[in-house]
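*Asks:* Residues per chain are reported as follows:
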Amino acid sequence: MKSDTVYMDNNATTCMAPEVIDGMHEAEKIYGNASSMHQRGREAAALVGLSRESVARLLGCDADEVIFNSGATESNNAVFNIARHLIALKGGKIVTTTIEHPAIIETVKYLRTEGVRVDLAEVDPEGIVKIDQLEKLVDDDTVLVSVMMGNNESGAIQNVMEACRIAHSHGALFHTDATQAIGKMNIDFNKSAFDYMSLSAHKFYGPKGVGCLIVKKGAPLFPLMHGGHQENGIRPGTYNTQAIYGMGIAADLAARNLDDEIQRLWEMREALRKGIEERIEDVVINGSQEHCLPGTLNVSFPRAEGESILLMLDLKGVEVSTGSACATGSLEPSYVLMATGMDVELAHGSIRFSLGRYNTMEDVQYVLDVLPPIIRNLREMSTR
Amino acid sequence: MSDFKSFMTDWVYTDTVKDHFINPRNIWRKEDEFEPDGFGEVGSLACGDQMRVGIKVADGKISDIRWLTYGCASAIASTSMMSEMVKGMTLAEAYAITPAMITNKLGGLPEHKFHCSVLGDKALRAAIDDYLESTGQENPFKGHVAKIVCECKGVNDQQIEELVKTDKVANLQQLMELTGLGTGCGKCKAEAERLIAEFRHLYGK
Chain A
1262 MKSDTVYMDN NATTCMAPEV IDGMHEAEKI YGNASSMHQR GREAAALVGL
1312 SRESVARLLG CDADEVIFNS GATESNNAVF NIARHLIALK GGKIVTTTIE
1362 HPAIIETVKY LRTEGVRVDL AEVDPEGIVK IDQLEKLVDD DTVLVSVMMG
1412 NNESGAIQNV MEACRIAHSH GALFHTDATQ AIGKMNIDFN KSAFDYMSLS
1462 AHKFYGPKGV GCLIVKKGAP LFPLMHGGHQ ENGIRPGTYN TQAIYGMGIA
1512 ADLAARNLDD EIQRLWEMRE ALRKGIEERI EDVVINGSQE HCLPGTLNVS
1562 FPRAEGESIL LMLDLKGVEV STGSACATGS LEPSYVLMAT GMDVELAHGS
1612 IRFSLGRYNT MEDVQYVLDV LPPIIRNLRE MSTR
Chain B
550 MSDFKSFMTD WVYTDTVKDH FINPRNIWRK EDEFEPDGFG EVGSLACGDQ
600 MRVGIKVADG KISDIRWLTY GCASAIASTS MMSEMVKGMT LAEAYAITPA
650 MITNKLGGLP EHKFHCSVLG DKALRAAIDD YLESTGQENP FKGHVAKIVC
700 ECKGVNDQQI EELVKTDKVA NLQQLMELTG LGTGCGKCKA EAERLIAEFR
750 HLYGK
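In order, the protein sequences belong to chains A and B. With the working numbering applied, the first sequence corresponds to residues 1262 to 1645, in that order. With the working numbering applied, the second sequence corresponds to residues 550 to 754, in that order.
Note that these hints are calculated values from the structure, not bench results. Glycine included, each C-beta is placed from N, C-alpha and C at the ideal position. Mixed in with the good hints there might be a few duds.
Some chain B residues flagged as far from chain A (calculated, every beta-carbon gap over 10 Å) [claimed, not checked]:
| no. | residue |
| --- | --- |
| 1 | Ile571 |
| 2 | Lys605 |
| 3 | Ser683 |
| 4 | Leu751 |
One side of the interface only, derived from the structure: several residues of chain A facing chain B at Cβ under 8 Å [to be verified]:
| no. | residue |
| --- | --- |
| 5 | His1429 |
| 6 | Ser1430 |
| 7 | Leu1519 |
| 8 | Gln1550 |
| 9 | Arg1564 |
| 10 | Glu1566 |
| 11 | Glu1568 |
| 12 | Leu1572 |
| 13 | Leu1576 |
| 14 | Glu1641 |
| 15 | Arg1645 |
For reference, chain A alone in the conformation it holds in the complex (with noise of 0.2 Å):
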């Protein structure tokens, strides 16, 4: 099953951490249920205890603001299921933005079948939220406001400090889909002021199918499922020991010099910006380069499309992704592009590498020597 490939594809999925896959390993044979009194159980409990204070720890909230559940999904679908609780009790709308993940997306356009009223705001070319057209949008009806952190396709990091700083001003709940910002940006949950906070562990090096919702006290809470005590009877359900003590271990290795890894991503980025620039005529670079993902490159190559020059990547054993439609299956190119303005042609063309942990500069260096070719044979059936 190991394959021998340059992955830069890490804002789909990171492999885990071999300090990770370790520490699971021990921690698969405690099997006790964590809810349970006695010695099997008091163990399992531990795990999820010290998991828990070294999510906190990484995320500058306290230790019981952490909801342990299945991921960033889940936490942003029941952040709006709160937003949609307040609103059936005493009215009012939410704010987010286009360039959501689709677990906001989708779930915006589920809750307007229902008569939620959601407006959104829109982006820059840069791929950033205009910030004076949300602050239009945010009235003294508003609820919730929802902004992420960082974007997965463009890279751009949104200012979420002033969105949150708006949303305060007129009473309403501020949310951030934090996902792709884990370990590539310095959060601090508690001096931020967010209400609410998105992530997953599998973004970070830990396993996937486990995550939280980070809730500041006194924030209101529902439940999205019922059955269970756990989490305060706002996430149900045994807890799932071992991926979660996998999501502590990778929260403290993403806390260790995480300025240091932020520096390394950005200068393989910027190596792979400038080779690309350097080595290929007429490319553009999608998204804000001044705020951007430390790991994430977004580049358009006219006259090329995006999933022919991805098959030709994974032929080559390089692993990333295209905000193509033809990749998708849904016949439109990435929202995410297109929200930015961009030329459809551009949208179609786009390449996303996404740099990680386990990346070198030699992958950098691999991926320059195989992408020229690749681009000028493409070029040359091209009837563009």
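Chain A is fixed; fit chain B onto it per the hints.
*Replies:* Chain B only, in chain A's frame:
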């Protein structure tokens, strides 16, 4: 549990698609100085693909062909395969090529990629039309060949006509259930509805 390898495919497409994608046949390279007798260009950039086909005609048969595309792996492989298939065909045979024939030769395409394979034969027909027109010949094919209505599912107007004529379909809903038309991107639904109404009128339904 089953063996891992039985679930892990070597590639997302068939080996034939892969072969034609990596080594596309009859690419229209500048240095070839290929002078076509007929030329066709079709495509929608909104769908992310565009196709250009040039043909040489000798003794009523296609003697040579070149093509270019802005498109995905399916579009490249389909057109490459099509270009191999039509060499030596009479114009009538070439005009009757369908996406399904090309797709079968490729060993199949994923359902949602079917629409990527319809541009090659469309561009080929445009090139044949252009050849006949530019040489002042009568075009016996135009209008007599099935026209694809739903590109995603490969449903053509003649199929719809037959289904309406034989009372199998009376409305869009029935057509969608029977053929899958309109269940991909959905862009063809208005056109399909118009055709159903037209054929119902034609056959006095």
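*Asks:* Give a verdict on every hint.
*Replies:* Hint by hint, here is what the structure shows:
no.	hint	in the structure
1	Ile571	violated, 7 Å
2	Lys605	holds, 19 Å
3	Ser683	holds, 20 Å
4	Leu751	holds, 31 Å
5	His1429	violated, 42 Å
6	Ser1430	violated, 41 Å
7	Leu1519	violated, 36 Å
8	Gln1550	violated, 26 Å
9	Arg1564	holds, 7 Å
10	Glu1566	holds, 5 Å
11	Glu1568	holds, 4 Å
12	Leu1572	holds, 5 Å
13	Leu1576	holds, 7 Å
14	Glu1641	holds, 7 Å
15	Arg1645	holds, 5 Å
Hints 1, 5, 6, 7 and 8 from the earlier list are contradicted by this structure; the remaining hints agree with it.
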